[in-house]
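**Student:** All chains should be built: construct the whole structure from the sequences, respecting the hints.
Heads up: the sequence lines are chains A and B, in that order. Counting from 1, one number per residue, gives the positions in the first sequence under our numbering. Counting from 1, one number per residue, gives the positions in the second sequence under our numbering.
No lab work stands behind these hints: they were computed from the structure. A couple of the hints might just be wrong.
Stated by the list, open to error - Cross-link-like lysine-lysine pairs, in silico, DSSO-like; alpha carbons within 30 Å at most: (1) A:K173 with B:K832; (2) A:K281 with B:K454; (3) A:K319 with A:K467; (4) B:K231 with B:K947; (5) A:K467 with A:K449; (6) B:K437 with B:K344; (7) B:K680 with B:K66; (8) B:K53 with B:K234; (9) B:K832 with A:K177.
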Amino acid sequence: MKTRRLFTPLVLVLLVSFSACDDSLLNYENPNAPTNTAFWNTAEDAELGLNAVYHQLYQPGTYSRWIHFRFDLSSDEGYSGSPWTELADWTRFNYVNYNFWEGNVIHWRDHYKGIFRANQVLTNVPEIEFENQTRKEEIIGEASFIRALYYFNLAILFEDVPIVLEPSSPDDKPEQKPLEEVWGQIINDLTVATNNLPPSWSADDVGRATKGAAHALLGKVHIQRHDWEKARQAMEWLVEGDGATYYDLVANYEENFRHTTENNIESVFEIQFSDENRGEKGDESNSNISNERPQFFAPRGIGWADGQIHTWIIDEYKKELTVDNDFDTRLKYSVFYREMSDDFVDNDLVYGREWVEDDWGDEAFIRKYSSEYFRDFEDYYSANNYRVIRYADVLLSYAEIINELNGPAPAVEYVDRVRQRPSTNLEPLASSIYSNALDSKEAFRERLKMERTLELNHEGVRFMDLKRWGMLNSQEGIDELAQRDPSFNNFILGRHHRLPIPQSEVENNPGLDQHVEY
Amino acid sequence: MSKKWSFLIINLLLIVLIGAVDKLQAQGDFDVSGVVTDAVDGNPLPGVSIQVKGEARGTSTDADGKFSLPVNDSDVLVFSYVGYLAQEIPVEGQQEINVELESQYIEGTEVVVVGYGQQRRSDVTGAISTITTDDIGDVNVTNFGDAIQGLVPGVRINSTGAPGAEPSIEIRGLGNFTNNEPLYVIDGVPSRVNRDFNINDIESVQILKDASAAAIYGSRAANGVVLITTKSGKRGPLSVEFNSTVGSDWIPTFDLMGRDEWIEFNNRAYDEAGVPRQNHLEGNTQWQEATLKNALRQDQNLSFSGGTENSSYLLSLNYQTNDGTTIGSESERVGVRINTQGDKGILTIGQNLAITSFNVSELNTNPIADVTRMLPTIPIHNENNPGGFGYGDEAGARTFGVNPVAREALEDGETENQRIRGNLFVELDILNNLLYKFNYGLDYNSHNFDFLRKEGNYTLNHPYEPSRVIAERGNAISHLYENTLDYAQDFSNLKAQVLVGQSYQTFNNEQSSAEGQNLARVGDRYYSVLDASTTNDRVGGFIDEAAIISYFGRINLNLSDKYIAEFTMRWDGTSRLSEDNRWGSFPSISGAWRISQEDFFEVNWVNDLKFIASYGQLGSSNIGYYDYQGVLNINPQAVFGDNQDVRTGATQVQLVNEDLRWEVLTQTNVGLDGVFLDGKLSSTVNYFISTTDGVLTELPILMTTGNDGGNPFVNAASLQNSGVEIDLTWREYSSDNNFNYAFGLNFGTTRNEILELGDGQVEFLTFQTINEVGQPIGVYYLIETDGIFQNDQEVLDHVNSDNEVIQPDAQPGDIRYIDSNDDGQITGSDRKVVGNPWPDFEMGASFSGSWKNFDFLAQGFGAFGFDIYNGPKSLMDRFDDNSNYRAGIEPWTPENTDTDFPRIIYGDQRNSRGDTDRWLEEGSYFKIKQLTVGYTLPQHLFGGSFKKLRLSVTGRNLITFTGYSGLDPEFSAPNIFRRTHDDFMFPSTRNVSFNLQLSL
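**Tutor:** As structure tokens, this is what we get:
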């Protein structure tokens, strides 16, 4: 009885104390990261959000890795001899599985990931109060430019794609839009960008999108649409307008592909890679923000050699000698090939090695962006910036526009500027072996095709060039390409000018259909 | 480390043995004699064991049920007989003791542990399966899943042979898409029964399968509940038990080609493609021999227990090692358990505490995959390569396979777990019928993971990796506070029992990690601590916290032992859901009718017959800690400026659904429990149907949303599971007790169906499988193949309805695919549902018996009527990429056309597609899981010094009947949507082991 007296109050105390458990014991806020609701209030938040938009440019599906398999290796300039058959098949129009991560899915995923980030900025930043109103406009301009660039790549690769302009919800099922509407959206964003962006940035901010970049991309949109007049208006600013003072060609061609000469006067827009982090790609704390392309394209034994250059380009370079009767040094800085040591002085070694005859034989490898000029190996962490648009491309595009509008005579000067870069040192076109290119608009267009490859091979423009020139929608064009690149024998007219949309995406979105040809 | 512990155990054992021999035989003062009879029919029972409690002295009844034994006045005699309830009778001067034993099946007085209490088996209204220490005591296994596999219908266990891995356990199908692990409650504390749990400590296991049985655990019980009670000391002097198992484990291997045959086939594939042959390397390596090995495994368990009228204690020590069946894996475990209890007056206080240290050298490779990818021509070692190991070569052996020997040598990962789990309870028996209990539970786990990467390569084109070290330190701690009041009252015919309770549990999980590169090194020795790293140091860490508050109650009414009704209710609140959605209520109702107790029921071969029915709801919040809170990712960086400065950024990367709520499972169960033929046959039959609504799913969302970092949870789908479970046991005892046996058979079916996917969605794809409304989860969705083209004409004849040739590129010897959408080409759109990973039924069978001093046990388990995707075969038979090849294949050639193996072509996808039914196989199997023969040495050999000395030998998984051509038709699924995708999964281990049981 005694014990009962003692314990009954204890029971009551325990019961009371624990039934007092209330809801507040269940309130746990995530201690690991700020919640969304506390963000997008200050100018600082806007800067952080904008940086994340740029960050998505460093990913495998955007500019660090696989996109070069589409833009370069799927064109007649390059090919893949990868032992990974499916990877190589996707550069030779043999698409078996429409859910191939490295073939089409990752481009779709990484570009829409970037669009989601831009949408967060473009929806939230207008509501934020800024002390510096100009900076607010610039941020909107930068995000608009990059969103336009993401949609531009999607338009080239997939054509008809859904347009998403607001921050997403998990159950969104955005509807597919025809290509022309996608172009329209890109033009809208680039119009904002051309208005809001400054022509240049201070030394601390070099690398951000500029007014010139926006004009150049807008021009590229219009030439892709054959709207030559609008294209001229867009690019004029860089070539003949106020912007011309900000741009020129660098004296030495190779400076366009080296980390020591980044963001130079020829650069219109570059992806600013860094070797600071050594983690896997993605959004982890140590995720690398570097250029992985050199590791994938370096010769066998040094890198993966998953992408190579067709040797017809070497022959094409050798057809025309410089004013001093030498080979075009653009060959030297574009290609590793067996005769490279004979053709140029000081050009004997590949990453410090002799030509490996029994393995490399008469094959050739891509040299642009390789690290061989300062070290004898590659890894996944190249800091070398990738030039998305450089001024030589703008000049050659402008020549194309002017030719289409007014014929060769007024156009040739822009081609000559590129040909007469000090390190290139070719005759003006009129006095060169290709002088008959000036005979007609058609002849000039044909010559321009080759001038662009010699200047811009493996710089991500060839596939869209072929598209623009109609070579991917005529059997005649395909046959010509197959002469240079046998993988075009697999090309089926009306199908392979664009990628199949990821099948899982089609099956999970009632508003999205697979392209009829697939 | 290991030696130290072995010494300790050996020393303890020696001390105990000496003590036992020293004790010798205590003699009695006088003789007691009597007859033991069956309480129902009065027949004498021969072979009944009569033991002096707490001592080795004892005897058994003769053919007439008679016995005689020298005893002391203070002795207590224990009468026990298989199938009957044991009785304890103090001698207290009696010279004649006659005993009537009651069959435990007839009275139903067997006690079953239920949530927060105990019930008589006959009062149970839900579907509860019981496993006792007798069922698993003689099973030589190391983990819980293996111990109970095949014993309980409706409980599916997929064992795995992966070193250190744990089998997966599913109760009654898949109720959701994310986590189907049941709730484990060990001595009243929710915890996990993982690889650091010592199964020697198990006294009994109850598996609560239906809603009414599990309802008291409310929101945590949707996947079923496994209640584990650990052993406690029994009244009497010190009792010592030593249980030692030593055995050898191994896993089955592929039958692969040798070097010469391999080269011949490889050349053929290159010739067929018109590609110059490889300049084959000089190696001649059997990769399986280099990688797989026989593992020595031991499990030593020593326990001391005893008690007085008012207290009991148990101390158990466990030591276990496993060499691992592959290189680079081994484990060691040391565990201590202390369970004590004492009472005085109305107060009982007790504790159960287990402390375990588990060290494992983690496998860094998947050898099953690696041995299929490495070519026999590649040497294990090659001094020309960085690190000195052989691997693929561009010109001579083009493969990106990983050399497993190299990788295990160059990478070393070790995990060390220290775990403390236990509880402390206070009970007050206040009015004889009102019991208050306070229970505090603790589950603490700290883990250290250390990883060292040495310099060197293990695969072709391996980019340079600097040496590095990773150190990860984590703590997880959970506290449980529970109060319950249990009130029982009898009103003439009506017995009532009421339970109310409250529970609060917190969870905290913290981890920090650091990494450093380019370690200090002298020769081959790497300094593998963080201070020895010179570059690229990196740190990380996180904290996860959660809590759950619950209130619950149960009313059990029993009228005349015929009609039983039970009502249960639980309210749960969780921190993992938003304030508006965090509380859920989970009710259940159930009833039983013991028809055999009715006066009108007069079937004399039926001893007990009970109908049960239940209906109830259970919940689940199987999601992460903060899944309803959208957060920023602060890792995205951007680079700007002449100096290429890195600037931080922030953005939302992963989308969330803020309005997540409980997923609710509603289950109906009807069943029949019966005991027939004087307890010889007992049976349980149950039918259940359950529907889960608002299933918390990481439903694949569109990439156009820009989401990354995992699909966000959403209460999307609705799933249904239904099934029948049948459990039959036949027991037979010979009259002289020389030959007894029991035969058990259980049978279960589970039908799974997706009722709804939410958001109007009707299907989603998950690799080679599809999830469609109206179908089970994860059915195979592949292109159908239709044999092989034998000639050009057959290629031209293979047309769609528009007369378009479907495979214009095909040649004789290539696979004919079916153009199911009739569009004239073969694409992913031609896939259709062609196979099912869900078995038609599963079956377990066991036979156990004893003859004189021998005992034996055979146990089997099987699943029938399902398909397996054979991953290793899909790799080794593809030939477009180089791999090891299976011996005995006969690919198509113009000379060998009578084959189902197509032409082999290197670098060509025509015959290598993964998304076809070529790789799908019938998976049905039946396995003899266990064969054991034991021998108990006659007591007289030791003069009674030992209570029991038994030796046994066991073979596990030695015989499998199956048509599956892979290593093992049974494996742990890579994920829920690929239940039977053999993605280079570890086969279950085969083993032979020897066991010694010694009781003093």
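**Student:** Take the hints in turn and mark each one as holding or not.
**Tutor:** Here's how the hints hold up against the structure:
This hinted pair checks out: A:K173 and B:K832 have alpha carbons roughly 24 Å apart, not beyond 30 Å. Using a Cα cut-off of 30 Å, the hinted pair A:K281 and B:K454 holds, with the two alpha carbons roughly 22 Å apart. Between A:K319 and A:K467 the alpha-carbon distance is near 26 Å, which keeps this suggested pair within the 30 Å criterion. Using a Cα cut-off of 30 Å, the hinted pair B:K231 and B:K947 holds, with the two alpha carbons roughly 19 Å apart.
Only pairs whose Cα atoms come within 30 Å are accepted, and A:K467 paired with A:K449 is accepted, the gap being roughly 12 Å. For the given pair, B:K437 sits about 15 Å from B:K344 by alpha-carbon distance, which is consistent with the 30 Å threshold. Our distance criterion of 30 Å between C-alpha atoms is met by B:K680 and B:K66, whose separation comes to about 24 Å. With a CA separation close to 10 Å, the supplied pair B:K53 and B:K234 stays within the 30 Å bound.
A threshold of 30 Å between alpha carbons decides the hint, and for B:K832 with A:K177 the separation of about 29 Å falls inside it, so the pair holds.
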